[in-house]
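Keeping the supplied structure of chain E fixed, place chain S upon it in accordance with the hints.
Chains as they are written, first to last, in our numbering: chain E, 1 to 252; chain S, 1001 to 1266.
Hint data in this document are derived by calculation from the structure and do not stem from the laboratory. Source: prediction; values computed, not measured. All C-beta atoms, glycine included, are put in the ideal place defined by N, C-alpha and C. Heads up, some of the hints might be wrong.
[Unchecked claim] Here are some, though not all, of the chain E residues that point toward chain S, as calculated from beta-carbon distances under 7 Å:
#, residue
1, Tyr15
2, Ile80
3, Gln82
4, Ile120
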Amino acid sequence: MNNSCINFTNVNKRYTISDNGSYASLRDDIANILNFKKKKKTHLEAIKTMSFTINKGEIVAFIGHNGAGKSTLLKLISKITQPTEGKIKVNGRVATLMELGAGFHHELSGRENIAFFAAILGMNKEEMIEAAPKIIEFSELGDFIDIPVKKYSSGMQLRLGFSIAVHVNPDIFLLDEIFAVGDKQFTQKCFKKIDELIAKNITFILVSHNEEIIKKIATRALLFDHGQLVFDGDVNEAYNRYNSTIKIETKL
Amino acid sequence: MEIIKTYLEIKKFKFLLQQTVIREIRVRYKQTYIGILWAILQPLAFSCIFYFLFSYIKGGLNSKEHFIILFFSTSLWTFFSNSVSFATNSISGHPSLITKVYFPRIIFPMSFVAVSLIDLSINLLLATVLHVILLNQIPNMLNFVYVIPAIAFIIILTLNCAVLLSGLNVFYRDFKYLVPISLQLLMFITPVMYTMNSNIGENIKSIIIYNPLTPLFDIFQKSIINIPVITEDIIRLLVVGLITILFFEFNLRFFKKLNSKMADII
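Next comes chain E alone, as it looks inside the complex (with noise of 0.2 Å):
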């Protein structure tokens, strides 16, 4: 019966934007108290009441316009931000690759990136021993493994970060973004990985903007808008509606 993997109920994320700028300074917040000024804030809701559950195994796209609210449900998922309202469940180890290089110390090799990018991801120090060498040749950096990544290209930079968040075992594994770059073997690399992960039963959630990519691999897809989950179901489907409202936007 346990199937679920990710349950979220009733979930709603507010951002509270403070009028004078993204960073607090004590200086304002002082003065504000000092003159009993209430400090006008701007609530922007990312999320807005949302319920839904992924099962195991599944392959879920999430499909919406910029804004729509795809990486902040990524950030509830993997922890990274807390719910202002509503609870969300989740099972099993979390990967999470977001961004290009996102964890990489600049200054060090991609064999000592390697330990910590994975220690990040949570593994134990025995798991990496085990997983380094695979992790090295899955990424096809060959000698380029001792050199600092500041001198890598974005191309390899995302292969060693994909090759590490491959390689940590996870229960879910989220995408966001990642087929951006890379050139087409490598993808196809990726693919294959990806095709062998799914036969393990390992949840996805993939965010891309490629919709033949996300055609060819996901099972179902979660399409958003400003916030709300307004279609859950068959991936087709799904861009059928998304690309009816790019269109109606284009005609007005």
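This is chain S only, laid out in the frame that chain E set:
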């Protein structure tokens, strides 16, 4: 108890803490010629400056003893000051990590304290060697009863400051500027370049006793050069120690609150 909860969570992420420390040491000494020797140079330079500049506040010690005590004290001070100043920016300095991956954020300030702790161990070892060479005697083993708790409480106090400031600096970047000034001022009211027996004037002494670092440094200095420790010193040590531990509990609870908002603000 938040202390136990935090301990358990860090234990789960032990490998990450270890990797952060290794990474920090590698980054710090990468492309430097003398590498880890920089860790020794800082307190050594400070103690030399104080030795020549403030010889009139020896406090009844001979020159060799004076130098030894300066080196021990500045090593300990360097630990406190480096940990706090590096830790302040430890979370706010990694916005890409904080907003892209989940891990216990407390690992960052803690790892900077751990790195400075390695520096401290090297320095204390060197100081002990100097003690043996210059004074021709091994430090009195009985005094370790005081030295070890004094160092332990200083470590907890340092963790307190590091965790609190790293969290606050995410919300108020003012702390980045406030910390270096405060540390400099704090050094003058802590027995680092003088001892409590030095002739520094009653006015200053009446301020110094309110500094929580004072009883810790005082008992540390007294034990090193074999000045008898009185009951009052021990009571002060224990009171400060107890307050520090209690404060740590509240501090961790406060950090947990800050933690839930960090990724949205940074």
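Hints versus structure:
Below 7 Å, beta-carbon pairs count as interface contacts, and Tyr15/E has one with chain S at about 6 Å; its hint therefore holds. Interface hint status for Ile80/E: upheld, as the beta-carbon distance to the closest one in chain S is roughly 5 Å, under 7 Å. For the restraint placing Gln82/E at the interface with chain S, the shortest Cβ-Cβ distance is roughly 4 Å, inside the 7 Å limit, so the hint holds. The beta carbon of Ile120/E is positioned within 7 Å of a beta carbon in chain S (closest approach about 5 Å), and the interface hint is therefore held.
Violation of the numbered hints given earlier is absent; every hint is satisfied by the structure.
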